[in-house]
Amino acid sequence: MALMQNGGMRINRRALFSMIGATAGASVMYNAMSTLGFAATSPYTGPIKLDGNPKGASVLILGAGLAGMTAALELRNAGYTVQILEYNARAGGRNWTLRGGDRITELGGEVQSCQFDEGLYLNPGPWRIPYHHTALLDYCRRLGVALEPFIQVNYNAYVHSSQHFEGKPKRFREVQADSRGHVAELLAKATAQGKLDEVVSKEDAQMLLEALKDWGALDASYAYRESLLTSSRRGYARPPGGGLNGTPLPSTPIALGDLLKAGLWQTLTSGEDFDWQSTIFQPVGGMDRIGKAFERELAGLIRYNAKVTAIDQDAQGVTVRYADARSGAESQQARADWCVCTIPLSILSRMNVTAGAPLLNAINSVPYGFAVKTGLQFKRRFWEQDEAIYGGITFTDLPICQISYPSTGYHSSGKGVLLGSFTAAAAGFGFNATNSIAFTAMTAAERVKKSVEYGAQIHPQYREEFDNGISVAWHRVPSNLGCYGAWTKQTRAEHYRNLCEIDGRLVLAGEHASELSGWQEGAVLSALDAIERLHRRVVSA
Amino acid sequence: MQYRAKILASLSLWTLAVLTVAWADNGSASMNGPLTFASQDGATLYRTICQGCHMSDAEGATGAATYPALAHDPTLAAAAYPVYAIIQGRNAMPSFAAYLSDAQVAAVVNYLRTHFGNDYKDAVSPALASTARASLVHGQN
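Residue numbers (numbering that gives the first Met the number 0), protein chains in the order written: chain A, 0 to 540; chain B, 0 to 140.
Chain A extracted, bound-state conformation (with noise of 0.2 Å):
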């Protein structure tokens, strides 16, 4: 795409970088990556190119997620042989949508079958995809996955203290200008009256004053008060209509204090956060469109119930013993010249596996991330006909910790699901773990009655119109005994190059393989990124 016009002449930016790349070094071409906005977003910079004869060189891949059929569809694309086992008899991992028919079986037993109607669903696990994901975008792009936004800050949502203002909630909207509000106006008070004198020169003081004006909805004396300005943001009484009934009336704002002490300041910066900012999207249907599509490219290549019970290699290849899941059955084998395993170290730590001391000692250094999803439907869409919220999250400090509304298929007259329950709850009140490790201690039939009763409190109407539920706690599901790999400064320090380094014939891939722990972008940028080295390895060999 022509970018730039330079004296006339168009400049594709590949050809501009590469240019300045070659006569000022890369830092001077990062850098104007960097302010053309590129270079700031991903590592990604296009579809992997795996130059080179791989001479019949086989990998065996290890998990049907997201990370293993990158790795899977590439290497194919680059010549190789290419196998994967995969434990579900589904593809996608983590990657799943639950729809009306499907019966999931946790561990310890319970069984659940999804009813669901027609066109609803839950995504239990990865359920958004924020814009600078690029790669996992340009795969969507590539493998035909329709997008559409996922609504992640709806003004109209609330944010809900069950501790203060009677246990009512508040609209985000009104959290939101009112705490903004009083911030400008305390700040604009401490600079009219010099405070501020030693940090701020009196031309900038004086600018300061005009933006908290601005940015807080200040009057002509900088006070934040009840009027039609402070509801413009927050809302009215009676908002703007037509004809003789048409006068709007101001609502009263919440008083600082009030604010404060019921925390709900905490809920606001959700859709700030790098991980969360608009533009924000979901696959068409639910996020399992993309393992499908995935799986589609790979038809043959797949051998599902294939249960990995120990990873064996010498200097020639690997070998890897597996059994079938459902019935137990027997060990058989797979071997090839190369494996690239993407099974979670959850269960990867539990397994026999040949390898180094650096990276067995990486493998069993990584406990998981307890996250736990519920999926409630209700006869109508109550939220959307009677409180007017379209999509988004409201945020709660009861243990359901949020109630996400669905996205789309706004104003559909049949029933509804929205997400009841999401404990670990990223922003708002805070990652509560405990909440998420209580939820997984109980059945699925609880936590369906739970998500229930504590969202009733948010939503009467969940009392009339709840009609059926669905959980998924990520300790209990079969494949992955856990979320996400929960690394910290310092085991990231001691052992997250061991483990992402080639082993003999051997290397991991996967969300734990990343930086970006619990997304579906780290998965496919960290089997982008093991292939690459793999492949050098196979064509300088």
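Simulated from the structure, these hints should not be mistaken for laboratory data. It cannot be assumed that every hint is accurate.
[What the hints assert, rightly or not] Selected chain B positions facing chain A (in silico; Cβ < 7 Å):
1. 47
2. 48
3. 50
4. 51
5. 54
6. 60
7. 62
8. 63
9. 88
10. 90
11. 91
12. 98
13. 116
14. 119
Backbone N, C-alpha and C define an ideal beta-carbon position, used for all residues, glycine too.
Based on these hints, arrange chain B on the given structure of chain A.
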């Protein structure tokens, strides 16, 4: 508080916050703080935490890999073993040091060692948990 900082640092994906959360109902351990469980009762703590993986009968479970059974478990003979596992974590098992006090660790270990077909008479004291925690703080694991 290094052990705590370590655990918090692992949650890079998520924003931390301090807030009171109440699990106020029917015998489940109630949360009285951002990262802790309120119950001091070993049985309740087992049901609220441990059984998530080790199951309600402590028989463990098997999928792609196995959660070990804690019922009829000879490794529990050494009282320090479960205490250190809970405080420090062990391979895929996370550390629960940030979520439980020394007294709670002792309570749940004592419950475990006297139930599910285990019958070990020597009760664990919170001091043992404290020792395990100290070694975690000093980065010895």
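Practice task
May I ask you to test the interface hint for residue 63 (chain B) with respect to chain A, counting a Cβ-Cβ separation under 7 Å as satisfied?
Solution key: Holds: closest Cβ of chain A sits about 5 Å from residue 63 (chain B), inside 7 Å.
Exercise for the section: Answer holds if the nearest beta-carbon of chain A is closer than 7 Å to that of residue 51 (chain B); otherwise answer violated. Expected result: holds, 4 Å
Handout entry: residue 88 (chain B) as chain A interface residue, shortest Cβ-Cβ below 7 Å
Key = holds, 6 Å
Practice task
Against chain A, run the beta carbon of residue 62 (chain B) and see if the smallest gap drops under 7 Å.
Solution key: At 3 Å from the nearest chain A Cβ, residue 62 (chain B) passes the 7 Å test, so the hint holds.
Handout entry: Hinted contact residue 48 (chain B) with chain A - closest CB pair below 7 Å
Key = holds, 6 Å
Exercise for the section: With a cut-off of 7 Å on the beta carbons, see whether residue 91 (chain B) makes it to chain A. Expected result: OK, holds: residue 91 (chain B) within 7 Å of chain A, min 5 Å.
Problem - Restraint outcome when residue 47 (chain B) is required to lie within 7 Å of chain A by C-beta distance - result: holds, 5 Å
Exercise for the section: Return the status of the interface hint for residue 116 (chain B): holds when the least beta-carbon distance to chain A is below 7 Å, violated otherwise. Expected result: violated, 18 Å
Exercise for the section: Against chain A, run the beta carbon of residue 50 (chain B) and see if the smallest gap drops under 7 Å. Expected result: holds, 5 Å
Problem - Hint check: 7 Å Cβ-Cβ cutoff, residue 98 (chain B) to chain A - result: Where the cut-off is 7 Å and the nearest Cβ of chain A is about 6 Å from residue 98 (chain B), the hint holds.
Exercise for the section: For the hint on residue 90 (chain B), just tell me whether its beta-carbon gets within less than 7 Å of chain A. Expected result: Holds: closest Cβ of chain A sits about 5 Å from residue 90 (chain B), inside 7 Å.
Handout entry: Satisfaction of the residue 119 (chain B) interface hint, Cβ to chain A closer than 7 Å
Key = Violated, because the Cβ-Cβ distance from residue 119 (chain B) to chain A comes to roughly 23 Å (cut-off 7 Å).
Comparing the model with each numbered hint stated earlier shows that hints 13, 14 do not hold.
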